[in-house]
Structures are given as C-alpha cells and as structure tokens.
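Asker: Given the sequences, and given the hints that come with them, work out the whole structure.
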Amino acid sequence: MPDIAENPLTNVSEALAERVRVARPLVASIAVPGHRPRSGTLWRKDVVVASEQRFPEIGEAKVTLADGSTFTARVAGRDPGTNVVALHLEDTPDPTPLPAGEPHPGGLALALGVDDGGISARLGVIHSVGPSWHSRAGGRIDRRITLDIGVTPIEEGGPVLDAGGGLIGISTLGPRGRVLVIPAATVEGVLEPLLSKGKVERGWLGLALQPVLVPEALQSEAGQLRGLMIMGVSKESPAARANLHAGDILVTIAGESVTSPAAVAHHLGPDSVGKQIELRLLRADKPFSIPMTVGVRPSR
Amino acid sequence: MSAPAAGIPYRLRVAVLASDPVAQDWLAELVAQCGHQLVEAAASPDAVLTDGAADAVPAAAAVAVGAVGGEFAGWLPPDASTAQVDAALRAVATGLTVRATPPRARNFDRLPEESAVVLTPREIEVLAALGNGLTNKETARLLGISPHTVKFHIESLFRKLGASSRAEAVVRGMRQQIVEF
Chain A
1 MPDIAENPLT NVSEALAERV RVARPLVASI AVPGHRPRSG TLWRKDVVVA SEQRFPEIGE
61 AKVTLADGST FTARVAGRDP GTNVVALHLE DTPDPTPLPA GEPHPGGLAL ALGVDDGGIS
121 ARLGVIHSVG PSWHSRAGGR IDRRITLDIG VTPIEEGGPV LDAGGGLIGI STLGPRGRVL
181 VIPAATVEGV LEPLLSKGKV ERGWLGLALQ PVLVPEALQS EAGQLRGLMI MGVSKESPAA
241 RANLHAGDIL VTIAGESVTS PAAVAHHLGP DSVGKQIELR LLRADKPFSI PMTVGVRPSR
Chain B
1 MSAPAAGIPY RLRVAVLASD PVAQDWLAEL VAQCGHQLVE AAASPDAVLT DGAADAVPAA
61 AAVAVGAVGG EFAGWLPPDA STAQVDAALR AVATGLTVRA TPPRARNFDR LPEESAVVLT
121 PREIEVLAAL GNGLTNKETA RLLGISPHTV KFHIESLFRK LGASSRAEAV VRGMRQQIVE
181 F
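Chains A and B, in that order, are what the protein sequence lines are.
Heads up, the final residue of the first sequence is numbered 300 in the working numbering, and it's a clean run with no missing numbers.
Heads up, the final residue of the second sequence is numbered 181 in the working numbering, and it's a clean run with no missing numbers.
Simulated from the structure, these hints should not be mistaken for lab results.
There could be a bad hint or two in this list.
[Unchecked claim] One side only, chain B facing chain A, incomplete, derived with CB under 10 Å:
hint, residue
1, Asp20
2, Val22
3, Asp25
4, Asp109
5, Pro112
6, Val117
7, Thr120
8, Pro121
9, His148
[What the hints assert, rightly or not] Here are the computed lysine to any residue pairs in the SDA-like style, where the Cα-Cα straight-line distance is at most 20 Å:
hint, chain 1, residue 1, chain 2, residue 2
10, A, Lys286, B, Thr120
11, A, Lys45, A, Leu16
12, B, Lys160, A, Glu192
13, A, Lys235, B, Glu180
[Unchecked claim] Here's a subset of chain A near chain B, in silico, CB distances under 7 Å, partners left out:
hint, residue
14, Val129
15, Pro131
16, Trp133
17, Arg136
18, Gly174
19, Met229
20, Pro261
Where a beta carbon is used, it is the ideal one built from N, C-alpha and C, also for glycine.
Answerer: Laid out in structure tokens, this is it:
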C-alpha cells in the first residue's frame, strides 16, 4: 500500500479540534428561565464568568458543564465596567488551567461557547491588539483585542484561545457586532471584588461632560484648546457639593489636562474612591481650582 | 388624492396639528424639510403630522412625533430624522402603519477618545435650542444674541456635524458624546 502523504489541512483541522477538546471542560452553559441557554467560562473551581451585558437581572441560574454535570449557581456579582458577571457554584471539578494565551494580530483564535445544546467553536484571526482602554461604564480593560470572528449573543462569554490553545480571555460583543476579548488579566482583576462585594466600585464626581472648544480668549489662560463642558450635575454628588454648574468647563484633573471622556476615566478607577483630587475649571471666563473628594459611582 | 406613479417621489399635502405654537412651528418646519406642502387640516390632507397632544387629529392618517400611545397610524421618537418623518408621512398616506424600531441596547463599547468634531459652548447652546424646536428668532431671544449670529452658529453646526437639516443636526449632535462621571 502506498504511503498516504501527510495532509497539512487534516493536520491543522486535527490540531484545532484538539485545542477545543482540551478547553471543553471550561465551557459552561448557563440556563436562565425564559431565555435560551447562554455561554460562560468555568474560570476556576466553583466560579463561572460570563458576559454581563444582556445578562438577565436574576439571582440564580442553572449551569451545565461539558461533562453534563449541572449546578445551581448564585449570581455573585456583576460589573458593567468590564462586562463581567461572576457566578458562584458549589463543588465543581477543579479545571486544569489553560496556559496564558498571547494575542498577536493575524494569529489564529478560537472562540468557544455553547449552542444547540453542545459546544460551539469559531475560528478566525486576531484582528487587532491595542493598549488598555476604558469602557463607557468606566471600567479599564487591560488590552484592546478584537477578533475577525462573529459570535452570537448566545455564544459571547465563552473562552477565547490562541493558536497554541492558550487562554486569551472571554468573548464580548462590541460595537457594530465586532467581537472583543475581555483579557484574562482583566477578568482576574475584578473577580475578587465581584465574589466578595458583588460589584466593583469606581470613582464618581456626578458630572455629565461633553468635549468643547475653549473660547479663544481663554485658550492661553487655560493652556489648552479643548476642555469638557459640564452639561449636568447629579444631585448630592461631589460635584454638587463643590457647587459646580452646567456651563463650567473642566480643563484639568490633578494637574493633568482632560480633553476627552477617556482622560477623565483614567482618574476615576477603583483606587480613586475617597481620595481628594483637584479640578481646574473655567467659569465666566475665569479659571479656578477646587478640591473634591471622589465618590462611588452608583450602579446604573 | 390621485395615486402617483409607483416609486416616484411626489409632494404630499400635509397638515400640522400641534398643542402649542412652538410645536406647531417645529412640525411645520419638518414638513418643509421633507419637501411637502403645508395645508390646513380642513383641506383633506394626504397625511397629518402631530405632536400627539392636539385635539381632533384624524388618527388614521396621522404621524405622531414624540408621542406614545393613541391610535395614530405612525409613531416616531422625538429625535426622528427628516428622512424618517418623510418616510412615515408617505407610509401613512398610503394606508400603512409605522412604528420606529425600539432603541437597541448598545453593545459594550469604549469611551470616546479625542474626537475630530468639537463644538464651541455657543454651538452647544444653539444645538440645544434647535433640539427644543425653537426658531432662529426664539433662539436669538433666549441666548441674547442676534438672529444673524444664530444663523452663523447653525451654519457652523451643519458644517461640523455634516448635517443638511436642523433635525439632522440635532440627531447627530445628540450622538456627540455626553458622558457621565
């Protein structure tokens, strides 16, 4: 019998299937009454994480692992800031941790999840890898990883692997249907507060801000061309106590120029709560500075 | 109403029924922006544009902007674009029912970084006045500036936001990022 030449396509296919086989025990199916089961990731023993957006406001869910075992899970905490919801289970197996993945643009990635009662897998390339970023809800995400893969709302929240089978993070539906990855380091970072306190506290001033051009006459005084105009002040907020008003233009926080919402978020991470920071503003064509104690961002 | 040839845009005769003069002006301007002819309610219009609060609106041919509830053939959100208003008027005039798609929850997204389009404080004030349906004169009175200056700011807003109508400027301006901290 002639030797059958090694088929590279079969090799690739088998290697991919093997990655999925190894990661299978991490894929969780989360059953929520009135909805189709959605995907999650068994992050470690007794802890499943999933995508927070669109996760129903419920206290308990039923989780099924790849081996068919089922658990009653308590929704321990949710963080819209990083799009992570943490579920606490009891007596799950201790999953063999996957090696840490390393995302490179153009490298292959596998997005796993559940669909039609079983494991689902999707393959594509890593579209981009960028520096840390802030979400609209104020959370800091360690890296901006986007995939050239489509996932459904049912599948988001499952693990994303690199070509070597390393864990990059969990999948998340982003703007215009683009798929983002919440990096494993970011999930790790919010897990403790989510399990112990049910939330991640972030800084809050009580300001609604919009980028604005600094009026020409004030540009040299302000030392910058742009600022953030106060469009609203929340009641009983640090900003209200400091007597800030709509129309004031914020130019610096703690001496650093703030010209975009992302620049403000940078000063209001979990460590900022209770700290005093100095704001510099323009009002009635005059600059002034005011110290403020950072409050806690209210949950939605 | 004589039936127009299919697929050819034609000018509708539209009546405006609003509960107050400001809303009346605002809706009348929307009708003008859509390129339709404004007629009296008694003149058997093809369609009626209303704020939903006026009396005796013929619901079967009416598009209500910013209203929820009622028997109107069309409902649109308060920030509906000119294109949506136009499409809704044409639809109800041909006996269709119109509902805007409910706003979909946004997917997880990033905070805006430095943006290309930044408005001046005055432009933001003028935009807010436009959003409230004020005319140039009313805006000028409110802000204590001349109608000429208001026009100047509106032209600048159109240019910066890439808008060609007041309604479009308001909608695009709303997308300008107000972020809460």
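Asker: Need the list of violated hint numbers for this structure, in ascending order.
Answerer: Numbers 1, 2, 3, 9, 11, 12, 14, 15, in rising order.
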